[in-house]
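Peer 1: Protein sequences appear in the order of chains A and B.
Residues are numbered in the numbering used here as their position in the first sequence, beginning at 1, plus a constant of 1.
Residues are numbered in the numbering used here as their position in the second sequence, beginning at 1, plus a constant of 253.
To be clear, the hints were calculated from the coordinates, so they are not data collected in a lab.
Where is the CB? At the ideal position from N, CA and C, for every residue including glycine.
Hints may be right or wrong, so weigh each one.
As the list claims (entries may be wrong) - What the simulated footprint calls covered on chain B by chain A, stretch by stretch (three residues with Cβ under 8 Å from a Cβ of chain A suffice, anywhere in the stretch; the number is not a length):
{"hint": "1", "stretch": "415-427"}
{"hint": "2", "stretch": "430-444"}
Stated by the list, open to error - Have a look at the derived ranges for each label pair, beta carbon to beta carbon:
{"hint": "3", "chain 1": "B", "residue 1": "Lys284", "chain 2": "A", "residue 2": "Phe63", "range": "30 to 36 Å"}
{"hint": "4", "chain 1": "A", "residue 1": "Ala78", "chain 2": "B", "residue 2": "Arg352", "range": "20 to 26 Å"}
{"hint": "5", "chain 1": "B", "residue 1": "Arg616", "chain 2": "A", "residue 2": "Leu77", "range": "32 to 38 Å"}
{"hint": "6", "chain 1": "B", "residue 1": "Ala265", "chain 2": "A", "residue 2": "Ser91", "range": "46 to 52 Å"}
{"hint": "7", "chain 1": "A", "residue 1": "Arg88", "chain 2": "B", "residue 2": "Arg352", "range": "30 to 36 Å"}
{"hint": "8", "chain 1": "A", "residue 1": "Leu77", "chain 2": "B", "residue 2": "Phe283", "range": "24 to 30 Å"}
{"hint": "9", "chain 1": "B", "residue 1": "Asp257", "chain 2": "A", "residue 2": "Val17", "range": "45 to 51 Å"}
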Amino acid sequence: MPTYAYILVSLALFFVGTAGVLLRRNVLIVLMSVELQFAAGTLALLTFSRALGDQKGHVFAFFVMALAAAEAAVGLAIVVSVFRTRRTASLDEVNALKG
Amino acid sequence: MTVDTVQIAALAPLLLISGAGCLALLLDTFKRARGPALWLAQLGCLAAFALVASQWMRATSSQPIWAGMWVVDRMALFLDGVLIGTAFLTLLVAAPFMREHDFAHGEHHALVLFATAGMMTVVHATHLLSLLIGIETMSLAAYLLVASWRRQPAGAEGALKYLLLGAFAAGFLVYGTALVYGTTGGEMSYAGIAARAGQAADNPLFIVGVYFLLTGMLFKIAAVPFHMWAPDAYEAAPTPVTGLMAAGIKVAAVGGLVRLLGTAFANPGLALGHAGWVRVLGGVAFVTMTWGNLAALRQDNVKRMLAYSSIAHAGYLLIGLVALGQRVDGAQPALLVYLAAYAFTTLGVFAVVAWVGRRDDERVLVHEWAGMARTRPAVALVMTVLLLSLAGVPPTGGFFGKFYVFRAAMQSPDLAWLVVAAVLNSLASVYYYLRIVVAMYFSESVRSWQPFRSAGIAIVLVVTVVVVLALGLVPRPVVELAAGGLITGW
Chain A
2 MPTYAYILVS LALFFVGTAG VLLRRNVLIV LMSVELQFAA GTLALLTFSR
52 ALGDQKGHVF AFFVMALAAA EAAVGLAIVV SVFRTRRTAS LDEVNALKG
Chain B
254 MTVDTVQIAA LAPLLLISGA GCLALLLDTF KRARGPALWL AQLGCLAAFA
304 LVASQWMRAT SSQPIWAGMW VVDRMALFLD GVLIGTAFLT LLVAAPFMRE
354 HDFAHGEHHA LVLFATAGMM TVVHATHLLS LLIGIETMSL AAYLLVASWR
404 RQPAGAEGAL KYLLLGAFAA GFLVYGTALV YGTTGGEMSY AGIAARAGQA
454 ADNPLFIVGV YFLLTGMLFK IAAVPFHMWA PDAYEAAPTP VTGLMAAGIK
504 VAAVGGLVRL LGTAFANPGL ALGHAGWVRV LGGVAFVTMT WGNLAALRQD
554 NVKRMLAYSS IAHAGYLLIG LVALGQRVDG AQPALLVYLA AYAFTTLGVF
604 AVVAWVGRRD DERVLVHEWA GMARTRPAVA LVMTVLLLSL AGVPPTGGFF
654 GKFYVFRAAM QSPDLAWLVV AAVLNSLASV YYYLRIVVAM YFSESVRSWQ
704 PFRSAGIAIV LVVTVVVVLA LGLVPRPVVE LAAGGLITGW
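Let the sequences and hints guide you as you build the complete structure.
Peer 2: Have a look at this one:
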């Protein structure tokens, strides 16, 4: 497959992730959509890295994986903490703060 | 690349801060020793501050290290000093605050230091990888700090909103990095991007990448339309943490933007339409300050009002960044003076807010501050001075910060409209800052007033008010520090 095909896939992934964050109301789905954005970035980095014969993209991809894991760990901890007080994982019902 | 003592020595303040953070965490985990953990964290801050000061004396030219990932120059060291000061003052307020509100977590002090290490990485970064690592270290620690106040029922909710939007912003940073990397032919260092940006400027993927990177950074400084998280996170966070977020994270993110926009995207060939990102950022600056001030006008909760005020300040700071993009001399030191004045003012204001609240009675509504001048005249006076500094009234540091930024922007005829809008905005903002002053001085107290005693908070109030007044009365030494020892065209 040519390079642009991979980039198109990564763009599609990124926009699916963005749409998921903006449109879905379940916290877990939103977190998964963010992971999709990271995956899109990783795919684009790897594609460019291969196409350019350069190692920096590969290295960056490792950091993005570590980052996604850290983000998920902190994210799930906070979701659990919200669930304990509210008994819900829906963003529409988590609305004590306003204005 | 070889690792030698010069490179390790250049990182010494960062290593000290994160090392002290690790030790504080271990002390809390294995010894349950919270007092020593706090002293260790504060000692780490003081030692790092001394190291930064000695590095500033020696840093006559900018020194790139770690294969262009990191730079040591006087701008970064100046901001390091502000950031470490922010962390130290935050710890001083946090200890009595946590005692009063009964949520002692030793990891709190470690997280403050980790967040500070992230902020320092951001202002030193000259590579998209170190920028991302810095931003995320700072943000992950901040999410946890916001969630740490379990008594506050909204705490986890504020943290959740902050986390979701922060992670969303990180997604933009990662994807923007990928696009810039691919379209510049494998460049990630700012210098490399600047060298190749001219050729890539017409590539639509490159343009998207630049704007994605900008979007990610604008989330962090809470610029409109990426500000939705700020009021909620600021309100839900423990008040000392709110101070750290409003002061430290904003200073770091603006410092990172100064470097990113001033080096990587400074190439005039980087057109992106007429004047490119400069024009877009000018629009964002206008919307941010106007929206922030309008929303602050109708807030009754002091923490939320200050959150919107910090959004408005992000707008004023963006004017300085736009001036930087127009290659105005003196825009960069003006921004640094503004950041220093803003950081200390904000820390002082949030220290007062932290001091006012008692356990299970946070007392954050404006009318609950009524009559404070009668019972606690000194604190009311300090709060008044700090609020006037936020509003930009002389003789305070906030006035000179605004004055220098606006003067730099005035040198570019394209920006005159922005400066006029900013001055009008500042005038409007006086209304909501004075609402608090009026409540303190001219309203009858509705409830008996029992703030708690704390030497730590008293020290913070004295330090911040002295710094703010000193900056307003004799700005020259700080201006010289910000300009890197050289005054040209001032």
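Peer 1: For every hint, state whether the structure bears it out.
Peer 2: Tested hints:
no., hint, verdict
1, 415-427, "holds (count 8)"
2, 430-444, "holds (count 8)"
3, B/Lys284 to A/Phe63: 30 to 36 Å, "holds, 35 Å"
4, A/Ala78 to B/Arg352: 20 to 26 Å, "holds, 25 Å"
5, B/Arg616 to A/Leu77: 32 to 38 Å, "holds, 34 Å"
6, B/Ala265 to A/Ser91: 46 to 52 Å, "holds, 48 Å"
7, A/Arg88 to B/Arg352: 30 to 36 Å, "holds, 31 Å"
8, A/Leu77 to B/Phe283: 24 to 30 Å, "holds, 26 Å"
9, B/Asp257 to A/Val17: 45 to 51 Å, "holds, 46 Å"
The structure is consistent with each of the numbered hints, conforming to all of them.
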